[in-house]
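A.B. asks: Chains as they are written, first to last, in this note's numbering: chain A, 1 to 169; chain B, 170 to 873.
In short, the hints are calculated from the structure, not lab data.
There could be a bad hint or two in this list.
A partial selection of chain A residues facing chain B, derived with a Cβ cut-off under 8 Å [to be verified]:
{"no.": "1", "residue": "28"}
{"no.": "2", "residue": "41"}
{"no.": "3", "residue": "48"}
{"no.": "4", "residue": "54"}
{"no.": "5", "residue": "57"}
Virtual Cβ for every residue (Gly too), placed ideally from N, Cα, C.
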Amino acid sequence: MSDAEKSGINSYLTFKIGDETFAAHVSKILNIIEMTRITKIPMVPHYMKGVINLRGTVIPLIDLKLKFGMPETEYNLNTCILVLEFATENKISYIGAIVDSVSEVIEITDTELQPAPGIGSKYKAGFIDAIYKTNHDEFILILNIDLILSSDEIENIRESASIADTKDS
Amino acid sequence: MDDFKKRFLDEAFEHVNALEQALLELENNPNNKELIIKVFRAMHSLKGGGAMFGFDKVSEFTHNLESIYDMVRNDQIKMSVDLFNITLQSVDHLKNLLNEETIPFSQVEEEHKMLLSKINEITGKISGINPPVAIKETVKKKDDPDHVNEQKIQTYYIIFQPKENIFKNGTNPLYLLDEMTMLGTCCIIPHLNKVPDFDQMTPTLCYTYWEIFIATKEDVNTIANVFIFVEDDSHIEIHKLSEHNLFDHPDFTEKIAALKKDKFDIGINNLQKFIKNLKKITPRVQTEVLSDKKVIENNERKPEEIKHNIIKENSISSIRVSSEKLDLMMNLVSELVTTQARLSLYAEVNETQELNTIAENVQKLSRQLRDTAFSIVLIPIENLMTRFQRLVRDLSGELKKDVVFVAEGTETELDKTIIENLTDPLMHILRNSLDHGIELPEERVLKGKNKQGQINLKAFYSGANVIIQISDDGAGMDYEKIRQKAISKKIITPDAVLNQKELLELVFLPGFTTATNITDVSGRGVGMDIVKKKISDIRGEVELESKVNVGTTITIKLPLTLSIIDGLLVKIVDVNYIIPLSLVQKVYAIEHKEISNLFNNIIELDGVQIPFFYLRTEFELPVNEELIEEIVIVKYEDKQVGFVVDSVIGEYQAVLKPLGKHYKKQPIVSSATILGDGTVALVMDSNKAIRSFSHQSKIKEETL
Chain A
1 MSDAEKSGIN SYLTFKIGDE TFAAHVSKIL NIIEMTRITK IPMVPHYMKG
51 VINLRGTVIP LIDLKLKFGM PETEYNLNTC ILVLEFATEN KISYIGAIVD
101 SVSEVIEITD TELQPAPGIG SKYKAGFIDA IYKTNHDEFI LILNIDLILS
151 SDEIENIRES ASIADTKDS
Chain B
170 MDDFKKRFLD EAFEHVNALE QALLELENNP NNKELIIKVF RAMHSLKGGG
220 AMFGFDKVSE FTHNLESIYD MVRNDQIKMS VDLFNITLQS VDHLKNLLNE
270 ETIPFSQVEE EHKMLLSKIN EITGKISGIN PPVAIKETVK KKDDPDHVNE
320 QKIQTYYIIF QPKENIFKNG TNPLYLLDEM TMLGTCCIIP HLNKVPDFDQ
370 MTPTLCYTYW EIFIATKEDV NTIANVFIFV EDDSHIEIHK LSEHNLFDHP
420 DFTEKIAALK KDKFDIGINN LQKFIKNLKK ITPRVQTEVL SDKKVIENNE
470 RKPEEIKHNI IKENSISSIR VSSEKLDLMM NLVSELVTTQ ARLSLYAEVN
520 ETQELNTIAE NVQKLSRQLR DTAFSIVLIP IENLMTRFQR LVRDLSGELK
570 KDVVFVAEGT ETELDKTIIE NLTDPLMHIL RNSLDHGIEL PEERVLKGKN
620 KQGQINLKAF YSGANVIIQI SDDGAGMDYE KIRQKAISKK IITPDAVLNQ
670 KELLELVFLP GFTTATNITD VSGRGVGMDI VKKKISDIRG EVELESKVNV
720 GTTITIKLPL TLSIIDGLLV KIVDVNYIIP LSLVQKVYAI EHKEISNLFN
770 NIIELDGVQI PFFYLRTEFE LPVNEELIEE IVIVKYEDKQ VGFVVDSVIG
820 EYQAVLKPLG KHYKKQPIVS SATILGDGTV ALVMDSNKAI RSFSHQSKIK
870 EETL
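Pulled out of the complex, with its shape left as it was, chain A reads as follows (with noise of 0.2 Å):
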């Protein structure tokens, strides 16, 4: 959790995909987003949605649930993009996510946080940063924002997750 450590701040967004409860650390959050209008990019893989201008600057627009290997997002009133920055080959570039519904801003201290599991492959693991137990059992998921954004391809963190329900249960 470098950047935790860097801000000093141990604030975390959590957010819905699908059923699941996610997490990212607010120094990666640029801005939070209603749907709006999206122009579509044809020949693309078919997670990339698209690109939204964000006050004069063009964002490529990424659905999360279909990078996960998910369905794909339906859009209502609930469904947000996130701005996200991630740096690839030591650029800061930003990335709209669509994720189902924004929760809420909470607290975690690193002590709180759990390691992710280390079973199933590790490269689909390394998603996850870290598992944090709410106090209601719940089981959040700590995104590894650059790594995800900087690979190609569709993974499916299901496995990671699904780790988390057996957990849960």
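Please build the complex by placing chain B on the supplied structure of chain A, with the hints as guidance.
C.D. replies: Relative to the frame of chain A, chain B by itself:
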């Protein structure tokens, strides 16, 4: 301090480049005095700056180098090829020295010593044989048989005796004396012994004369210039007393003080005797004084340098701006243009008279601002020329070829990003021309050509493009050789029939080289394909023309700027696309049924058979239900290809925005732009799109 150092380095590199350029020019006109002075000046600035910012090695080295050119300037040595080689090597070495952060000195030490010894060899040889007369004057040189360094402080003795009637033409001799004091440390002794008694005196006549001792780094001519207007009306003597600043010498100042008190006219002979004695008695003191003097000199130089700088700044016609700032400004201007488009749209919808006026004004202003801003980041390609000249010079020497490089239209300006990306490809093309194009002198004579080969670089504007043409008068491309090579590389089959143009196109394929033996220079097979790729990266095109034994011409066509294009706005379903206007040739309205029945995707328009792509199908979108569609004919290489779109909206000037990494692999859209209403339009790369479509559709590349 680091900031200063950085600025010094920036400037130093500029000086080095200026130096290099002047040297290369000088090589062509070795007798051009102005160029020699230019060389000298660049060295001198480098030396001064180097010393000030702790680049002692640079300053010391340049000092040595400077000595040579001082001799050249004073006609003590002639420019020779050897001299040029050493100087140019030294220039390279200076670059290394300036890069001290990345290149440790130990790495270049040997080179440093080698060059120094070579330089000293030249200067030593000359000053040994030839005691120079640097300044032709009545001045006798006494203590310094070496060349005269302009910047050394020397001491002069001047007698200024105006004629009695000098006031008549309005001259005030005191002004002249004032002027003298500006030149350096000065001691002026007025002599009034010629003033007659009061009752005999005519107040309109001048009876006074002056003795002036001055220590200055200006030369005798500058001093004489002070008196230039009174020359005819006065008796003026200027004598050089010493190569050093005598005011640093206690005995001398004492003597002057005494003279001043006595108002006694010492006379030049006595004075010279005195100074000779001064030296005889105190040779040791003299040397001490010398080393002291250096310090003083440095101290003294500073205010003067500041003065120089002020003068420079007053007359400066350009300023240095960091490229980040420029990039930022360009981005902001682009934003402004986009916002302005939005304002105009809004004003159009809300028909308020006042708003319309404002919107129009904003449009006018932002257009002007945009044009100005874009012109700021344009730099002339002249910036590249020194490097090219150097390359041709060094390489032709290495290859034992006699080649002259002629550049034309170097004032043509291009976007700085383009210039940056253009260097490598152009260098490569030049290398190719030198290595494979231009023949050896003997060979050229046998062919009945001039012994000296020529490489021309010509740059000019052509519409919204800049064309750069590099041509040589060398051997040209051997078509048969290309063919054989292509066959051996299995690029074409032995029975393939290709015309010359198609054969030349092969040269741009990866791994293709016709050089039979791989040289250090070119022929590693990483050649023209990289050139082509790099140039198409900056939206340029390359064309090759060649005639056996006549030469090869490479034409590069470049856009003026990378951040804005003129485009044709078209609509497909609900997405706006922009097709670069430079490639659009014609637009036709067609009925849908005209194309829906064609199975081979070739349509006849104005009697021409044109293959086309139905973009909706290519983009896997449902077929249009409208009856009328439009077909945009674009240029693809030298053919025509049609794109069927829903409708053409009009021309649009697009400020290009990157799409980001996630769309890099996407084959048809190169960037995006934001329209006046805030929606995003996609800028098509029609060439790439056609290539991509033809891979997967029924129209094969060959039919295009």
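A.B. asks: Are the hints correct? Go through all of them and say.
C.D. replies: A quick look at each hint next to the structure:
1. 28: violated, 16 Å
2. 41: holds, 6 Å
3. 48: Constraint on residue 48 of chain A satisfied, holds at 6 Å.
4. 54: Hint violated; residue 54 of chain A Cβ to chain B Cβ min 10 Å, cut 8 Å.
5. 57: holds, 7 Å
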